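Colleague: Sequence:
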Amino acid sequence: MQLNSEFLKNGFTNFLGWKTSRKILVIESDDWGTNRMPCKKVFDILDKKGFKLDSHYNRLDTLETGKDLEMLFEVLSSVKNSTNVSPVMTANYLVANPDFDKIREHNFENYFYETLTESSVKNPSVKESMEIMRSGIENKLFFPQFHGREHLNFRTWMHALRSNHQQTKIGFDYGFFSLKTDSEFSKRGHYLTALDLYSSKDLQEVEDALTDGINIFETIFGYRPKSFIAPNYVWHKDIEKSLKSAGVDFIQGQRNQVSPILDKNNYKSIFHYTGQSNIHNQKYLVRNVHFEPSSDESIDWVNQCLKNISEAFFLKTPCILSTHRVNFIGTISPENRGNNLRKFKILLQEIIKRWPQVEFLSTVQLGELIQNKK
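Using the working numbering, you'd call the opening residue of the sequence shown number 7 and step up by one each time.
Calculated directly from the structure, the hints in this document are not laboratory data.
Please read these numbers as outputs of a predicted model, since none were measured by experiment.
All C-beta atoms, glycine included, are put in the ideal place defined by N, C-alpha and C.
All clues given are correct.
Here are the in silico distance ranges between beta carbons for each label pair:
no., residue 1, residue 2, range
1, Ser83, Phe18, 35 to 45 Å
2, Lys25, Lys351, 23 to 33 Å
3, Phe118, Tyr204, 21 to 31 Å
4, Thr89, Tyr204, 49 to 59 Å
List of simulated lysine-lysine pairs, BS3-like, C-alpha gap at most 30 Å:
no., residue 1, residue 2
5, Lys128, Lys175
6, Lys322, Lys86
7, Lys313, Lys25
8, Lys359, Lys379
9, Lys313, Lys289
10, Lys349, Lys73
11, Lys289, Lys207
12, Lys73, Lys359
13, Lys207, Lys108
14, Lys193, Lys207
15, Lys58, Lys47
16, Lys270, Lys175
17, Lys243, Lys274
18, Lys274, Lys58
19, Lys289, Lys250
20, Lys15, Lys322
21, Lys25, Lys15
22, Lys175, Lys186
23, Lys322, Lys29
24, Lys359, Lys146
25, Lys15, Lys289
26, Lys58, Lys175
27, Lys133, Lys46
28, Lys55, Lys108
29, Lys232, Lys243
30, Lys193, Lys55
31, Lys351, Lys86
32, Lys146, Lys133
33, Lys146, Lys73
34, Lys86, Lys232
35, Lys29, Lys146
36, Lys193, Lys274
37, Lys146, Lys250
38, Lys289, Lys25
39, Lys243, Lys270
40, Lys243, Lys207
Using the sequences and the accompanying hints, generate a full structural model.
Modeller: If you want it as structure tokens, here you go:
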């Protein structure tokens, strides 16, 4: 194996991670349920108004449709390992989006959201996607877990709206909150880091929103989530206690947690590895493979993933593959969905070919295996 900087970083993380001789692959996919770019028409309007929309999320990502899910499930079900089991995708859901009409009706004085269930009553396409999503759960292809109540730092967003920040207000008028901005109201150039904090007061609001979101998740899916992934990998360690109280035992993430420092406009980086425990006996599960073809078409994502999987298996640690909904969405660009699903299918077929004994587990199944293993 060629020793390069990325291999050394991944290798160090894999070296420290929980060990097993089993070939385990977990697929984690973020951002399901969030309403990123409302539609192609809105994209074109905002583009003409000078918004920075170069991110592949803003160019391609929108609410999943029934067809998106059907095509994804077709790929997942077409691949089976040596024990006739298909891959399962741990789908990390946001369970609410801003209620733009209600916020406007109340003159931007308070924040209001709309749950996915409420959206499905108003929007036939959301209802259809929810129904097809449930078929994926029943067929053990799709396993929703918790990504947050919304993919939005509603505190800073509302502050910008109340302060009449023009770019934010224009985005609001078109149902769009995912803008890049140099606004003083955002620490990170956008409003997407839902758990970002400034003060102890913010910490309580974040904890309340997470508890509320988990309750909504249970109402939608009929069970409480046991794992969580923070939007943009930004969270303060103190929220882990609240997550534990709500039933979350496993924390998904990258090897570096971005942790806000309270009362300071700064962050610290906290290193994690798979199987590591915190003081609440929650286990961290760290992603060590990435499949993100929408972000850069010039990369050979299939071979890069296979290389990373091989490296992880060589060091006897599970593979946790990170991907995002944007790679499988076709409303704005059907070519995005079609091309990436073809690559995803080739990747899964190659995994089976090279490691026929591979085990496809959900995040929670891997977490429980680690938790119960001596």
